[in-house]
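Model the full structure from these sequences, guided by the hints.
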Amino acid sequence: MAGNVLVWVVWVVAASTLLSSGLAVVLFTNPFFSALALLVNLGALAVLYLLLEAEFVAAAQVLVYAGAVIVMFLFVIAYLGGRADAPWAGGPTLQAVAAIVAAGAIAAEIVVAVALKAGGSLSHSAKLSQGFGSPSAIGRLFLSNHLLAFEVTSIILLVAAIGGVLLGSSGPEEQRLEAGTR
Amino acid sequence: MLGPSAAAYLIVSVFLFAVGAFGVLIRRSPLIILLALEIMLNAGNLALIAFSRHWGNGDGQIFGLTVMVVAASEAVVGLGLIVAMSRKRVDLDVDRLNTLRG
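Heads up: the sequence lines are chains A and B, in that order.
Every letter in the first sequence is one number past the one before it in the numbering used here, and letter 29, counting from 1, is 29.
Every letter in the second sequence is one number past the one before it in the numbering used here, and letter 36, counting from 1, is 36.
Accuracy of the hints is not assured; some may be wrong.
Claimed, not checked - Straight-line distance between alpha carbons at most 20 Å, and here's what the computed SDA-like set of lysine to any residue pairs gives: (1) K88/B to L167/A; (2) K127/A to E55/A; (3) K88/B to A78/A; (4) K88/B to G163/A; (5) K117/A to K88/B; (6) K127/A to G44/B; (7) K127/A to L141/A; (8) K127/A to S5/B; (9) K127/A to N57/B; (10) K88/B to S169/A; (11) K117/A to G44/B; (12) K127/A to N4/A; (13) K88/B to K127/A; (14) K127/A to G56/B; (15) K127/A to W55/B; (16) K88/B to G168/A; (17) K127/A to G3/B; (18) K88/B to F75/A; (19) K88/B to L166/A.
No wet-lab data here; the hints were simulated from the structure.
Set out below in structure tokens:
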């Protein structure tokens, strides 16, 4: 089946790009390159979402992350003047070894937990209804079964916007200092 | 389902989560820690979407979209904190930020 082979090829390319760019985010010393590697990471993730027939989520992911979050990160990195930071300079430290062990332990734990709980039932997936993952299906779910989550989401965004403004504005003490220097 | 089954997506998601956790544990710059946190949230999202496709149930995608909103809010607040810290001339190194004094 030619279609299946094509899907496998796309999957392997996307998954390996996803993991290697994730490692690149962690290992690059220049924060600017890390943010750009996260952009590649998000693109590969959107391809996997498309393979999982979550078209709306893939589109929202690219819009929200590539359009807003990464731009914000790059802006802050440029504002702070991205300083290089290399935690592994000068040989492996105790912290680095402990971090590798802890990350490996987390991975092993999740694999064991999922395999014990759902190992046998993961090979046969359910048949999909018409329009699964389309914007209209997502919108219907959001406005019927998950209305509360939808409303809470809007409150979270409002609180985050207010919090961002409050954190970004200078406090009364700083304002006095700035007025004094002027 | 064309291509790999849900188990393959879950394995990718586990490794991505471990990479993100490694980044959070090893890096000292709070900016990179925020980026690694985004990777961990995305790994959880990938598992949610994979299960959603596996069971043919759209609820997982709703959950994934909500996680995305939370991730965006977290990035806003985290970056705001980092900018506020740098304006107070605090050294941006999480190993030294061990007190809550301003």
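Against the structure, the hints come out as follows:
1. K88/B to L167/A: holds, 12 Å
2. K127/A to E55/A: Holds, at about 17 Å.
3. K88/B to A78/A: Satisfied, since the Cα-Cα distance of roughly 18 Å is no more than 20 Å.
4. K88/B to G163/A: With Cα atoms ~18 Å apart, K88/B and G163/A stay inside 20 Å; holds.
5. K117/A to K88/B: Given that 20 Å is the threshold and the Cα spacing comes to 49 Å, the pair is violated.
6. K127/A to G44/B: Given pair K127/A, G44/B is violated - Cα atoms ~23 Å apart, limit 20 Å.
7. K127/A to L141/A: With Cα atoms ~18 Å apart, K127/A and L141/A stay inside 20 Å; holds.
8. K127/A to S5/B: holds, 13 Å
9. K127/A to N57/B: holds, 10 Å
10. K88/B to S169/A: holds, 12 Å
11. K117/A to G44/B: holds, 17 Å
12. K127/A to N4/A: holds, 17 Å
13. K88/B to K127/A: Distance of about 56 Å is beyond 20 Å: violated.
14. K127/A to G56/B: Holds: K127/A and G56/B sit about 6 Å apart, inside 20 Å.
15. K127/A to W55/B: holds, 8 Å
16. K88/B to G168/A: Status holds; Cα separation ~12 Å.
17. K127/A to G3/B: holds, 15 Å
18. K88/B to F75/A: holds, 19 Å
19. K88/B to L166/A: holds, 15 Å
In this structure, the hints that do not hold are numbers 5, 6 and 13, in rising order.
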